[in-house]
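Just so you know, the protein sequences line up as chains A and B, in that order. Take 1320 as the starting number for the first sequence in this note's numbering and just add one per residue. Take 49 as the starting number for the second sequence in this note's numbering and just add one per residue.
Just so you know, these hints were derived from the structure itself, not from any lab. Note that the structure is a prediction, hence the values are computed from the model and not measured. Just to be clear, a hint being listed does not mean it is correct.
To be verified - Calculated Cβ distances over 12 angstroms to all of chain A for the following chain B residues:
1. 145
2. 148
3. 152
To be verified - Ranges of calculated distance between the beta carbons of each label pair, as one might list FRET restraints:
4. B:76 / A:1379: 43 to 49 angstroms
5. B:118 / A:1333: 23 to 29 angstroms
6. A:1400 / B:106: 36 to 42 angstroms
Unchecked claim - Below, simulated DSS-like cross-link-like pairs (lysine-lysine); rule was C-alpha separation at most 27 angstroms, straight line:
7. B:87 / B:152
8. A:1403 / B:158
9. B:147 / B:87
10. A:1403 / B:152
Note that the Cβ used here is the ideal one computed from N, Cα and C, for glycine as well.
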Amino acid sequence: MFDIAIIASNALLSLALVLGFWRLYLGPTLPDRVVALELIASLTIGFIAVYVISSGRTPFIDVAMVLALTAFLAAVGFARYLEKGGHRDDD
Amino acid sequence: MTEFLTGLFLVVGAAFMVVAALGLVRMPDLPMRLHATTKAGVLGAGLMMVGVAVYFGDGGVTTRAVAVIGFLLLTAPVAAHAIGRAGYFVGVPLWEHSKTDELKGRYDEKNHTLASPPEMQDAKQDDDVPRA
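The shape of chain B in the complex, shown without the other chains:
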C-alpha cells in the first residue's frame, strides 16, 4: 500500500512537472509562462515530496519533506511576482491578442514607481492632500 501510494504521488507529481514545462514552452508571453510554471511546477514538486514523506513514514524525513513543501509554497509566489514585475518594467512585450493592460502608461521609468489608477488619483486631488 505504501509503495502504491508513493508511486502514485511520484508519477502524478512528475506529470504535473511535464504540464508545467509544456506550458513554459507553448504559452505565448511571459505572464502566461509564469502562470504555468509557478502553479503546476510547485504542485508537482510538492506532490513528489509528499511521496517521499509517505514512503519513509519517519518523523525526521516527514518534517524535512514538509519543510521543503513549505519553502516552495512560500517562495514561488514571491519569486513569480518579482520576475513578472521586473519583466513588465523592462518592456517584455505582451501577447499580441492580450485584451487589457491595466498598468499601461502608469509606470514611471525614472523613479520606478507605479501611479495609482485614474479614479483613485481623482479622489486624491479632491481631498487636496499634499503629495509627499
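The shape of chain A in the complex, shown without the other chains:
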C-alpha cells in the first residue's frame, strides 16, 4: 500500500513536470517561462520529499531548503532584470 503511494506520487509529480516543461517550451513571453521555472523548482522539492521518504536519507531535506531559497533568488533576479530592461515585444 505504502509502495503504491510512493509510486503514485512520483507518477503525479512526473506528469506535473511534463506539463511545466510544456509551458516552459511554449512561453510565449519570458515572465511565463520564469513562472514555469518556479513551479519546476517546487516540483523538485516534492521529488526530494518522496526520495527522502523512500530511501530514508534525511540529509536531503537540506537540499530542498536550499533549493527553495535559490528558486526565490532566481525569480527575484529575473524580475529585476525584466523590470530594468523596460518594454519589450517577444511574443
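Knowing the structure of chain A, use the given hints to seat chain B on it.
Showing chain B alone in chain A's frame:
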C-alpha cells in the same frame, strides 16, 4: 497509521502539484498562471514536506521540514509579486476577455513609478502639497 498518513499527504500534495501544472498550461495569461502556480504549488510542496515530518517523527527532521515550509510560504508570494509586477511593466498582454485593468495608463515607463489612483491625486492637489 504513520505510513497511511504519510502516503495520504504525499499523494494529496502531488495531486495539488498536478493541479498547479494544469493551471500553468491551461490558464490564458500571466497573472492567472501565477495565481494557479503559487497557491497550488506551495500547498502541494508544503503537504509533501508535512508527509516527511509525519513519516520520520524525529525532532531534527520535523524542524527542517517546518523550515522548508516556512521558506516556501515566505518566498512564494514575494516572488509572485515581483514577477507579476515585472510582467505587467514589460507589457505582457492580458487575456482578451479581461474586464478591468486598474493600472492602465498609470505606469510611467521612464522612471518606473506608478501614479496614484485619480481620486487620490485630486485629494493631493486640493491639499496643495508640493511634490517631492
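Do the hints match the structure? See the list:
At the 12 angstroms boundary, the C-beta of residue 145 of chain B stays outside the reach of chain A, the nearest C-beta of that chain being 17 angstroms off. Listed as a non-interface residue, residue 148 of chain B keeps its Cβ farther than 12 angstroms from every Cβ of chain A; the least gap is roughly 20 angstroms. A cut-off of 12 angstroms between C-beta atoms confirms that residue 152 of chain B is not in contact with chain A; the least separation is 14 angstroms. Our hint of 43 to 49 angstroms for residue 76 of chain B and residue 1379 of chain A is violated, since their Cβ atoms are close to 37 angstroms apart.
A hinted range of 23 to 29 angstroms for the beta carbons of residue 118 of chain B and residue 1333 of chain A is consistent with their spacing of about 27 angstroms. For residue 1400 of chain A and residue 106 of chain B, the hinted distance range of 36 to 42 angstroms is satisfied, since their beta carbons lie about 41 angstroms from each other. The straight-line distance between the Cα atoms of residue 87 of chain B and residue 152 of chain B is roughly 26 angstroms, inside the 27 angstroms bound, and the hint therefore holds. Pair hint residue 1403 of chain A plus residue 158 of chain B holds up; C-alpha atoms about 10 angstroms apart against a cutoff of 27 angstroms.
A distance of roughly 23 angstroms separates the Cα atoms of residue 147 of chain B and residue 87 of chain B; the hinted pair therefore holds under the 27 angstroms criterion. Simply put, residue 1403 of chain A and residue 152 of chain B have alpha-carbon atoms about 19 angstroms apart, close enough for the 27 angstroms limit, and the pair holds.
This entry does not satisfy hint 4, going by the numbered hints stated previously; all others are met.
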